[in-house]
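Asks: Okay, here's what each chain looks like letter by letter:
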Amino acid sequence: MKPRLAASVLILVPSLALILLLWPMLTLASAPLIFNDSNQEQRFQSLTEELRCLVCQNQNLADSDAPLAQDLRQEIHDMLMDGRTDDEIRSFLVDRYGDFVLYRPAIKGNTLMLWLAPALLLLGGGMVVAYNVRRHRLTDDGSVFEPEHTDQDSTP
Amino acid sequence: MMSRVIPLVLFLLLAILLAVGLTIADKKTELPSPLIGKAIPEFTLPVLGQPDTLVAHSDLLGEPFLLNVWASWCITCRVEHPVIEDLANSGKLKVVGLNYRDDPADAQAWLQHFGNPFALILADEAGRTAIDFGVYAAPESFLVNAQGQIVFKQIGALTQEIVQTEILDRLNKGELQ
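Protein chains in written order, with the working numbering: chain H, 278 to 433; chain U, 46 to 222.
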């Protein structure tokens, strides 16, 4: 390696590492939220993790740096300090933004398909497998499945 | 015979599912508002440029109006501006602005530059009232009837077509009283 290249790598790598290390501090520079106790903080964490950021729809409120997410975190913080329950806070957001704001929507009429689909797909897949297994059994006269020998792998 | 048909049918079903998914994917970012059919949320906000003049939600009732959420930092609002201006100039419907998370001086400069189509502008600097309206981007528009109920919500820029089909047609049919 040429000396100049080595020198620039020596400078570049540590400075990149430093930037990566300090990144959380740089992006979360907004005023920190103060809680009365760790239980409150715990509830805040779990609430913001299961609520969706509406601006960047594949992030939750805890991870998003969008201005609206900051506002909503502040709002949730204020409601927690006000002594409101988790359910009250969730319904505050659902009343305004709809079920979409919840990563774990409640089971009701219009979300039923969402909850049942995985089970239905599993059931359908299971039926296909069962059908195939049964069909093979029938054609094989109930004998245990063994790979058919071909010319190539015939043993001497 | 069946063993050849079943995978084909499954494939076709999957292809249909994919096609449907892709066509609704464009619309998926636009969320249906749970506020449709409900009364507008309560608020008291200062008028833009007149911090001492407060307007409450109840002051707006009695006639239908369009509440347009905009900001000077919002690029799409510039695209939408001529449409809002046309609607306001037609005199058919009162257009109220909600200046969202904006610096008042920037907002005033924006209006100077592009023109002010609004009968009244409420300043929501903290974005607190916008949360009650379920706003998550600008521009958004709310069509409110004379009783103060939200009849229609547009997320993103209004176009002449949407103004005609969603707003003026309702107005002409007398649905906004």
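Hints are computed from structural coordinates only; laboratory data are not their basis.
Incorrect hints may appear among the rest.
[To be verified] Each computed BS3-like pair below joins lysine-lysine, with the alpha-carbon atoms no more than 27 Å apart: (1) U:Lys139 / H:Lys385; (2) U:Lys218 / U:Lys198; (3) U:Lys139 / U:Lys198; (4) U:Lys83 / U:Lys218; (5) U:Lys218 / H:Lys385; (6) U:Lys137 / U:Lys198.
[Claimed, not checked] In silico negatives: residues of chain H with every beta carbon more than 12 Å from chain U: (7) Ser285; (8) Asp340; (9) Leu349; (10) Gln351; (11) Glu352; (12) Val371; (13) Ala396; (14) Asn409.
Note that the Cβ used here is the ideal one computed from N, Cα and C, for glycine as well.
Asks: Now tell me if each hint is right for this structure.
Replies: For each hint, the structure was consulted:
1. U:Lys139 / H:Lys385: violated, 39 Å
2. U:Lys218 / U:Lys198: holds, 18 Å
3. U:Lys139 / U:Lys198: Measuring from Cα to Cα gives roughly 16 Å; hence the hint holds.
4. U:Lys83 / U:Lys218: holds, 20 Å
5. U:Lys218 / H:Lys385: Measuring from Cα to Cα gives roughly 35 Å; hence the hint is violated.
6. U:Lys137 / U:Lys198: holds, 18 Å
7. Ser285: holds, 39 Å
8. Asp340: holds, 16 Å
9. Leu349: violated, 7 Å
10. Gln351: Given a closest Cβ separation of 9 Å, the condition is violated.
11. Glu352: Violated, because the least Cβ-Cβ distance between Glu352 (chain H) and chain U comes to about 6 Å, which does not exceed 12 Å.
12. Val371: Violated, because the least Cβ-Cβ distance between Val371 (chain H) and chain U comes to about 7 Å, which does not exceed 12 Å.
13. Ala396: Answer for Ala396 (chain H): holds, closest chain U Cβ roughly 17 Å.
14. Asn409: violated, 9 Å
Hints 1, 5, 9, 10, 11, 12, 14 from the list above are not met by this structure, while the remaining hints are.
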